[in-house]
Amino acid sequence: KKVFRDYDQVALDAQYEQRAWVPHADDIIRRFGEASDEVRARLGEPGTYAYGASAAETLDVYGFSTRKALVFVHGGAWKRQSKRENAFAAETFIHAGAAYVALDFALLPAVTLPEMVGQVCRAIEWVASNLSENVFVCGHSSGAHLAASALTRVACVRAALLVSGIYDLLPVRLSARNVYVRLDERLEDEYSPIRHTDRIRCPVTVAWAEKESAEFARQSREFGEKLRAPTHIGNDMNHFEIIETLANPRSPLAKTALEMIA
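Per my numbering, the sequence shown starts with residue 2, numbered consecutively.
Source of the hints: derived by calculation from the structure; they are not laboratory data.
All figures in this text were calculated on a predicted structure; none of them were measured in a lab.
Incorrect hints may have been included.
Derived PhoX-like pairs: lysine-lysine, alpha-carbon spacing no greater than 25 angstroms straight-line [to be verified]:
| id | residue 1 | residue 2 |
| --- | --- | --- |
| 1 | LYS84 | LYS69 |
| 2 | LYS69 | LYS212 |
| 3 | LYS256 | LYS227 |
| 4 | LYS212 | LYS227 |
Just the calculated beta-carbon pair ranges, DEER-fashion [as the list claims (entries may be wrong)]:
| id | residue 1 | residue 2 | range |
| --- | --- | --- | --- |
| 5 | GLU134 | GLU211 | 34 to 42 angstroms |
| 6 | PRO24 | ARG68 | 39 to 47 angstroms |
| 7 | VAL11 | ARG68 | 46 to 54 angstroms |
| 8 | THR67 | ALA21 | 41 to 49 angstroms |
| 9 | GLY45 | ASP199 | 42 to 50 angstroms |
| 10 | THR49 | GLU226 | 37 to 45 angstroms |
| 11 | THR49 | ASN236 | 20 to 28 angstroms |
Beta carbons are placed, not taken as given, at the ideal position from N, Cα and C, and that holds for glycine.
Input sequences plus hints: build the corresponding full structure.
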């Protein structure tokens, strides 16, 4: 029985389970962490600041600059990862004269998706108020969803790069993921950025990997079309490898990001 488009339940669940497409995902995420440790070995520990009242609401600032700041919103299916293993791209931006800000925020199921979006909004506004008014945002995977949701709610972002994100939550609500995302129709509507593109005030670039699941590719393609945004496809890469290339300033994705903040 079809539950969404041409997908039955098993097929839809697989479309939204990255490990079905990238069996060695955990190895790649381990690389994120190792590369981030190497960045800290070179740069020293970042400055850590609280942007909100809860223990989870902290951010790490690498390469303190007041000229401009790149805020990175990490992925992990809204329930995994942290700011610590997502510092691997810091030097790309520091060498371009920007601060690199890695966000922490509470994860599902400890909080709700609206609470997560609220935290990301607060963090972005904190950076704009306390570090630099030239704030740029990059989000990956579920972090691209959080970043896009923030763009519909805050006005202080200069431009954003959204990588391999989810922008329409209907198939998520209908998939196995909803066991922990806990969407109803109202939340699905309110937190689907593709339905609120009229509220996005800044330029956006939408990127995704050539080897995404069909649904992840569709999500990015349709969001890019709706925004009439420039798009970038990471050739011969999967969902996790594409964001890793941000650490190489000569990679196409990094060049796109550096043009954005120039």
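Hints, one by one, checked against the model:
With a CA separation close to 19 angstroms, the supplied pair LYS84 and LYS69 stays within the 25 angstroms bound. Annotation: proposed proximity of LYS69 to LYS212 is violated, straight-line Cα distance about 33 angstroms (limit 25 angstroms). Among the hinted pairs, LYS256 with LYS227 is consistent with the structure: their alpha-carbon atoms are about 24 angstroms apart, no more than 25 angstroms. The hinted pair formed by LYS212 and LYS227 meets the criterion: a straight-line CA distance of about 22 angstroms does not exceed 25 angstroms.
Distance hint for GLU134 and GLU211: a CB-CB separation of about 36 angstroms, consistent with the stated range 34 to 42 angstroms. The supplied range of 39 to 47 angstroms is met by PRO24 and ARG68, whose beta-carbon atoms lie about 42 angstroms from each other. Taken as a hint, the range 46 to 54 angstroms holds for the pair VAL11 and ARG68, whose Cβ atoms sit roughly 50 angstroms apart. Between THR67 and ALA21 the C-beta distance comes to about 44 angstroms, which sits within the given range of 41 to 49 angstroms.
Between GLY45 and ASP199, the C-beta spacing of about 43 angstroms keeps the proposed range 42 to 50 angstroms intact. Between THR49 and GLU226 the C-beta distance comes to about 39 angstroms, which sits within the given range of 37 to 45 angstroms. For THR49 paired with ASN236, a C-beta distance near 36 angstroms fails the hint of 20 to 28 angstroms.
In the structure shown, a violation is registered for the earlier hints numbered 2 and 11, in ascending order.
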